[in-house]
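Participant: Chains as they are written, first to last, in our numbering: chain A, 126 to 480; chain B, 1471 to 1777; chain C, 67 to 579.
Treat the hints as calculated values from the structure; they're not laboratory data. Glycine included, every Cβ here is placed at the ideal spot set by N, Cα and C.
Taking CB as the label site, the calculated pair distances span:
hint, chain 1, residue 1, chain 2, residue 2, range
1, A, Gly449, B, Pro1481, 45 to 51 Å
2, B, Leu1622, C, Asp190, 33 to 39 Å
3, B, Lys1770, A, Leu150, 30 to 36 Å
4, A, Leu150, C, Glu136, 40 to 46 Å
5, A, Pro242, C, Met396, 50 to 56 Å
6, B, Leu1622, A, Gly449, 42 to 48 Å
7, A, Pro407, B, Pro1593, 17 to 23 Å
8, A, Leu471, C, Ala407, 19 to 25 Å
9, A, Pro407, B, Leu1622, 37 to 43 Å
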Amino acid sequence: MSMRLEKRATGSAAALLLAPIGAVLFTLLVSSVLVWWAGAAVTQTYGLLLKGGFGSVFALSETLTRAIPLILTGLAVTVAFKARLFNIGAEGQLYVGALAAVAVGGMHGGSGFDLPPMMLFALMLLASSLAGALLLLGPALLRARMGVDEVVTTLLLNFIVLLFVSMMLDGPMKDPTAMGWPQSVALLGDLELSKLVSQTRLHSGLIGACVLALLVWAMLKYTVFGFDIRAVGANARAAAFAGVPVTRTVVLTAMLSGALAGLAGAVEVAGRTSYVTLDMSPGYGYTGIVIAMLAALHPLGVVAASVFVAGMLVGADSMSRAVGVPTFIADVIVAASLIAVLVATLLTQYRVRWK
Amino acid sequence: MIELFDMLAQPDFWIAVLRIATPLILGTLGVLLCERAGVLNLGIEGIMVAGAFAGWLAVYGGAPLWAGVAVAAAIGAVFGLLHAFLTVGLALSQHVSGLGITLLATALSYYGYRVSFPKVSTPPTVTPFANMDWLGIPILAQQTPLTLLALLLVPILGYVLYRTPVGLAIRMVGENPAAAEGQGVSVAFVRTGAIVAGSAVMGIAGAFLTLSAFNAFFFNMVNGRGWICVALVVFASWRPGKALLGALLFAFFDALQLRLQQSGGSTLPYQMYLMLPYVLSIVALVLVARKASYPQALMKPYRKGER
Amino acid sequence: MTDPVLQLTHITKRFGPLVANDDISLQLHAGEVLALLGENGAGKSTLVSILFGHYLADAGRITVFGRPLEPGDPKAALAAGIGMVHQHFTLADNLTVLENIMMGSESLWQVFTNRRAAQMRLRDVAQRFGLQVDANALIGSLSVGERQRVEILKALYRGARILILDEPTAVLTPGESEALFDVLAQMVAQGLSIIFISHKLAEVLRVSHRVAVLRGGKLVAQAAAASTTQEQLAQWMVGHTVDPPRARPARNVGEPVCTLDAVSAGQGRERLEQASLELRAGEIVAIAGVSGNGQTTLAELLCGTRKASSGALRLLGEPMPDRPAQLVAMGVARIPEDRHAVGVVGDLPVWENAVSERLHSSVFSRGPWIRRRKAREHAQRVITTFDVRGGGAAVAARALSGGNMQKLILGRALLHPDSDDTNRMPPRLIIAHQPSWGLDIGAVGYVQDQLIAARDAGAAVLLISDDLDEVLAMGDRIAVMHAGHLSEALPAGQWSRETIGLAMAGAPNEAAA
Chain A
126 MSMRLEKRAT
136 GSAAALLLAP
146 IGAVLFTLLV
156 SSVLVWWAGA
166 AVTQTYGLLL
176 KGGFGSVFAL
186 SETLTRAIPL
196 ILTGLAVTVA
206 FKARLFNIGA
216 EGQLYVGALA
226 AVAVGGMHGG
236 SGFDLPPMML
246 FALMLLASSL
256 AGALLLLGPA
266 LLRARMGVDE
276 VVTTLLLNFI
286 VLLFVSMMLD
296 GPMKDPTAMG
306 WPQSVALLGD
316 LELSKLVSQT
326 RLHSGLIGAC
336 VLALLVWAML
346 KYTVFGFDIR
356 AVGANARAAA
366 FAGVPVTRTV
376 VLTAMLSGAL
386 AGLAGAVEVA
396 GRTSYVTLDM
406 SPGYGYTGIV
416 IAMLAALHPL
426 GVVAASVFVA
436 GMLVGADSMS
446 RAVGVPTFIA
456 DVIVAASLIA
466 VLVATLLTQY
476 RVRWK
Chain B
1471 MIELFDMLAQ
1481 PDFWIAVLRI
1491 ATPLILGTLG
1501 VLLCERAGVL
1511 NLGIEGIMVA
1521 GAFAGWLAVY
1531 GGAPLWAGVA
1541 VAAAIGAVFG
1551 LLHAFLTVGL
1561 ALSQHVSGLG
1571 ITLLATALSY
1581 YGYRVSFPKV
1591 STPPTVTPFA
1601 NMDWLGIPIL
1611 AQQTPLTLLA
1621 LLLVPILGYV
1631 LYRTPVGLAI
1641 RMVGENPAAA
1651 EGQGVSVAFV
1661 RTGAIVAGSA
1671 VMGIAGAFLT
1681 LSAFNAFFFN
1691 MVNGRGWICV
1701 ALVVFASWRP
1711 GKALLGALLF
1721 AFFDALQLRL
1731 QQSGGSTLPY
1741 QMYLMLPYVL
1751 SIVALVLVAR
1761 KASYPQALMK
1771 PYRKGER
Chain C
67 MTDPVLQLTH
77 ITKRFGPLVA
87 NDDISLQLHA
97 GEVLALLGEN
107 GAGKSTLVSI
117 LFGHYLADAG
127 RITVFGRPLE
137 PGDPKAALAA
147 GIGMVHQHFT
157 LADNLTVLEN
167 IMMGSESLWQ
177 VFTNRRAAQM
187 RLRDVAQRFG
197 LQVDANALIG
207 SLSVGERQRV
217 EILKALYRGA
227 RILILDEPTA
237 VLTPGESEAL
247 FDVLAQMVAQ
257 GLSIIFISHK
267 LAEVLRVSHR
277 VAVLRGGKLV
287 AQAAAASTTQ
297 EQLAQWMVGH
307 TVDPPRARPA
317 RNVGEPVCTL
327 DAVSAGQGRE
337 RLEQASLELR
347 AGEIVAIAGV
357 SGNGQTTLAE
367 LLCGTRKASS
377 GALRLLGEPM
387 PDRPAQLVAM
397 GVARIPEDRH
407 AVGVVGDLPV
417 WENAVSERLH
427 SSVFSRGPWI
437 RRRKAREHAQ
447 RVITTFDVRG
457 GGAAVAARAL
467 SGGNMQKLIL
477 GRALLHPDSD
487 DTNRMPPRLI
497 IAHQPSWGLD
507 IGAVGYVQDQ
517 LIAARDAGAA
527 VLLISDDLDE
537 VLAMGDRIAV
547 MHAGHLSEAL
557 PAGQWSRETI
567 GLAMAGAPNE
577 AAA
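With the sequences and hints as input, model every part of the structure.
Facilitator: Next comes the structure, spelled out in structure tokens:
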């Protein structure tokens, strides 16, 4: 017995929209088995999950707070994947961005630069973006010049960066007031992002992230560079024929993607943690990949997907406390959704024939 | 410098090298098998986690150690089958499918662990494989049977790839699937088989961590070893013998940096030593990039009947 | 008359609207060499692919040695004794000769490969047919002729009694071709029957017993080789057009727009050797020739996607720029050979494709921003003027039919954004590479009319086509490309259909010498 794929004659826009939704529903069905394994009631669990993620002002604020770095890493991955550049290093780029933010806004801001807070803030963001951009530039150039696959190099860099952060936290960037706890010097209070809703952790980084999503969307749709990215990602040969500078586009895309991920680190520091710690990112860089695929590489879809995933993660935390189902159920749901969405999207374009 | 030679002269050092190399040998062989058939399997990191967890859980539940290894292999095979379905059957992106499987397998394992042990502060342990003292050979005698398995798998895989019809078929579908199809060999069948077998070996690599190197399951246990195996395969030019060499070389540097850390003979922060394995992997990739003779059909999805 | 070893009855195969094989019935007898002759696109490769099981026919039956053949399964074809030597070799460069040949001949469940037996068998087969190979050499290290020998041995090793050779001499030197013919003689002596596909007339007559000619998917003639001539074959192969070509000669031939001076580029099969050519305003130079003789390299050079390795190219008196954007800005209109892979970015909408060549210039961009309104207006003009149908400007280019996609590409190349009714602004130079390929009659006529109109407005046109009718109808001057060499471009009146056909096939051309 074998399977064979046949392209469908007519695509359907409705199908394309329903595919992710159908896939997610399918995933929830499957993860019910896991919930049952944990000995909890399925509907109660999902109810708590939804309530924990979206059911109150506080829950919503937590979800949106969690969504902020996801939007940014999701955008980073989206931009890169649009050009067929597989940036799996968003995690590392986030961390170097966070380090750069503290380096400019914590250490030198406090003892070196004599600049008004607004300028320092801008400098901080610039430094973070640059740090992330440069980190991805290496693998991008290795691919363009030497044909080294960027997937493995960006992956390995993540581990190197994490160790580098640990080194910095033990040494030059160590917080002298933390009594041995590995965290960095704090960010200047002036540079912290203000809260959107009082008594919650939701900060104005959300506005920045959403604005960036709009900017990325506008860039892809309305600028020549956006066209170059889309053309190179879709068909590099035809793009070259049309006069698109392929290598230059890939390199610039890499820098933009890395910058976005670096900004995720800066925003986390400035909005949520104020310090750099080793565990400040529970895999946001990798989750960004899932979000980008769930959003079908659409920048505005990234915002929606981020809220969904953040809701799952936050909801799982509170649900777990109540019912005892481990928080990892959220990770399972997210990972399974990814695979299900891929399959569902494929099925909208192809029919499967069994022989 | 003299301390270095002293260090190298001690059998303890080489015992550590071989122990560190074992999961790398197994993992690299697993990736090698998949890539020889033309399919990139980035699910290795997750499959190793799943193999580590499943094998350990089986033994914790009372099964004998080798049954645990078998369970780990079976889990690997199941995820391999999923990867084969997605990449061979549906011709989806091999990158995304593999990454999705890593995320899924890891999440499932962590979930399963927490469900099974909700309130533990220290990880529960099992009795791991014992050293093979009955084997008279030095250095090898202080290893566990899984290391012997890894070492034996190298010539076995070499034999299969180069001296059996199925091995030739695997190599052919990785080089020119149209040629294979034209000579009556089903590309889908061979690729699926290779992926499943390779993933099973990856599962065993994971089991080594929980049933041999350590005796319990920790989060972040695999810690990027899977990705290092992917780099090592390129370094090994897709040959089992060179894979063994690459793994040993890598383990040598890893053991070295551990020793250097411990001996405290340097002012460098310990993190720089820990970085070494990953940096070396990148360097290895860059070095062989130009002259890498990839299996020519690697990462190109094959749709039957499309010419 | 003995029973045929192979019988094809009413074989028909369609690819979408294109009928590749149209009700073909053919027989092959034991010990016979049957040549299958026809131009590119005549349906020869499709027919044998059906025979070998790579494609499934829409209608018709095949009988081999009296037994019906299971369609669509190479394994069945192999078991029935049919072997195929493909035009594009299916060999693995990184494996050895022996490995490539024996792959698939042993059961996958067998525990060890009997290399020694295989080697002996290979030596046996090789000796029987006079084919020398080093069993342990890597394919990647072999010359083209040696690789072909391996392909042949692959089929013979599996015990083929009927052998199909698809354009075997297309990649061989004259010396290697001779060696091949010796091998064919050996095979026939050993009782094999052979189908020999070619478009080269001389060797067809030399090697085969019978010749079958395909044209436009139909079987148009069969004859014994001994009783026909090259001229007759050429006539069958290219056919007579129903309407005589309308003579639309150039009126106002002007200055040279583009010159090539001993230009070489590329390597291997598609290399270009020392090509010299002059393209003048108001004139169409048509290059005839079978695809794969270097035309792609020439086109890529002039379209800015390939650099010359030697020689000089000049455009409007200056050295010719080698980047697409610059060429377009200087008035070069480019129509590539492969619309799907190179002509359009399929996933992007029609309107973006309509302006893609000029997007980086100030015509359609202001700083970093696309001048969307202007771009969409121009795209709509292109769609309207060139009658591009298929859903409008926002539809993905991929969704267009071949003809409409070609019209889009044509419009993009020929319609200048700043032109209007009073100021037409035709391009200075048009490079049209197989512009009519795969189009129906109506679309073909449209494309040709556009090119002629552009010429009459003063453009220099280079038309590369393997359709001889088109070359004769369109070319003011005609050159022929063969094996990387470009002949002199002579006025159309100095060629005849027969002399061009012969030159295309590599025969010496006394008339034009």
